[in-house]
Each structure stands twice: as structure tokens, then as C-alpha cells.
Amino acid sequence: MYFHGARFFNYEAWLSDPTHIGPSAQIWRASGITSELQLYCTAIGAFVFAAIMLFAGWFHYHQASPKFAWFQDVESMLNHHLAGLLGLWSPSWAGNQVHVYLLINQFLNVGVDPKEIPLPLEFIVNRDLFAQIYPYPVIGGLWLTGIAYHHLAIAILFLIAGHMYRTNWGIGHGIKDILEAHKGPFT
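Quick note: the sequence shown uses the numbering used here, first residue 1110, plus one each step.
Source of the hints: derived by calculation from the structure; they are not laboratory data.
Hints may be right or wrong, so weigh each one.
Pairs of lysine to aspartate or glutamate residues, derived as EDC-like cross-links and limited to a Cα-Cα distance of at most 20 angstroms, are as follows [as the list claims (entries may be wrong)]:
| # | residue 1 | residue 2 |
| --- | --- | --- |
| 1 | Lys1224 | Glu1145 |
| 2 | Lys1224 | Glu1121 |
| 3 | Lys1224 | Asp1126 |
Given these sequences and hints, build the entire structure.
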């Protein structure tokens, strides 16, 4: 998707003049991407990371698989990996939205030329720049701060839910036991 966006779409022209140039499915503005070069770099980085993860998955499962009996169960393995993946991915995505995407979108909202916007790393390194332009959303979509809070909350939910699923070896908690033990005003 990123490669095709960089190669075939009119993204930079649309960013420069979004009222007169029709978009061709640009979804990268909310991600803080302001040039086709950044789209290319994202595509290459995603490809390399996917290859590394594919190799790591093969190595982890076939060469250096854990020998714990509870980890040999497919349900336990799935639960463990999904809780870690979703629970650790969401706060990193929320941090990226707050510290990078919101700032770049503030520049775009006030009409700064996309070529003059600093690189995303500059926002993380330069705290003065971050303090000067902390944004407010003026576009018609969802507020990015709301999306960031959503990802932070869902990270906590996934980390907690990852320990609630009862396996055959008694690891975790059963939802029935939790509900039966709950004594609240509405139960």
C-alpha cells in the first residue's frame, strides 16, 4: 500500500493543494507522512521488518521453541502472542500519534508547505518545538487525540485480557470465576 501510494498516486500534489486536486485514496496524512520519499522508506522498512518477523517466527517455532508443556498448547501460545502483540503495539502507536502525527497534522492544518515541515524525528528530539505547536484538530474526521487515548486504553485492555483466558494447565483466570466472584452494586 505504501509503495503503490508513493509510485502511482498524486500524494505530494494533493498535500500542496487539497482543495483543487482530487485525492486518490490518501490515508497517510493522519500518519504524518508528508512526501513520497517517506512513503517509499515506510514501504521498504515494512518489507524488511516483515521478513525479519517471518524468519523470527520460523526460528522461534522450529529451531528454538520453548519446551514448557503449557506452551505446546496452541490456545496458550495464541493467547500469549496476541496479548503481547496487541498489548505492546497499542501504547507505541498511541505515543507515535501524540508525539509525531498530531504535530505534523497541526502544521498541515494551518497551511504550512509540506516540504517545510521538519522530519518526524525532529519532534521527538526537539522538546521546544513540541511545546510551541501542540495541536488541536480542525479536520472533519476523528480527533487524533481521541484515537491516541483509544489505543492507550485498548493496550491496557489487551494486556489484562491476555491473563484472563484460562488454559488447560490452569494458567489465567476463567471469565465465569471472575463474574461469580464479582460483588458490585449492579450484580
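Verification of the hints:
1. A C-alpha spacing of about 11 angstroms is found between Lys1224 and Glu1145, which places the hinted pair at or below 20 angstroms, so the restraint holds.
2. Between Lys1224 and Glu1121, the direct Cα distance comes to roughly 9 angstroms. Compliance with the 20 angstroms bound is thereby established for this hinted pair.
3. This hinted pair checks out: Lys1224 and Asp1126 have alpha carbons roughly 13 angstroms apart, not beyond 20 angstroms.
In terms of the numbered hints stated before, the structure departs from none.
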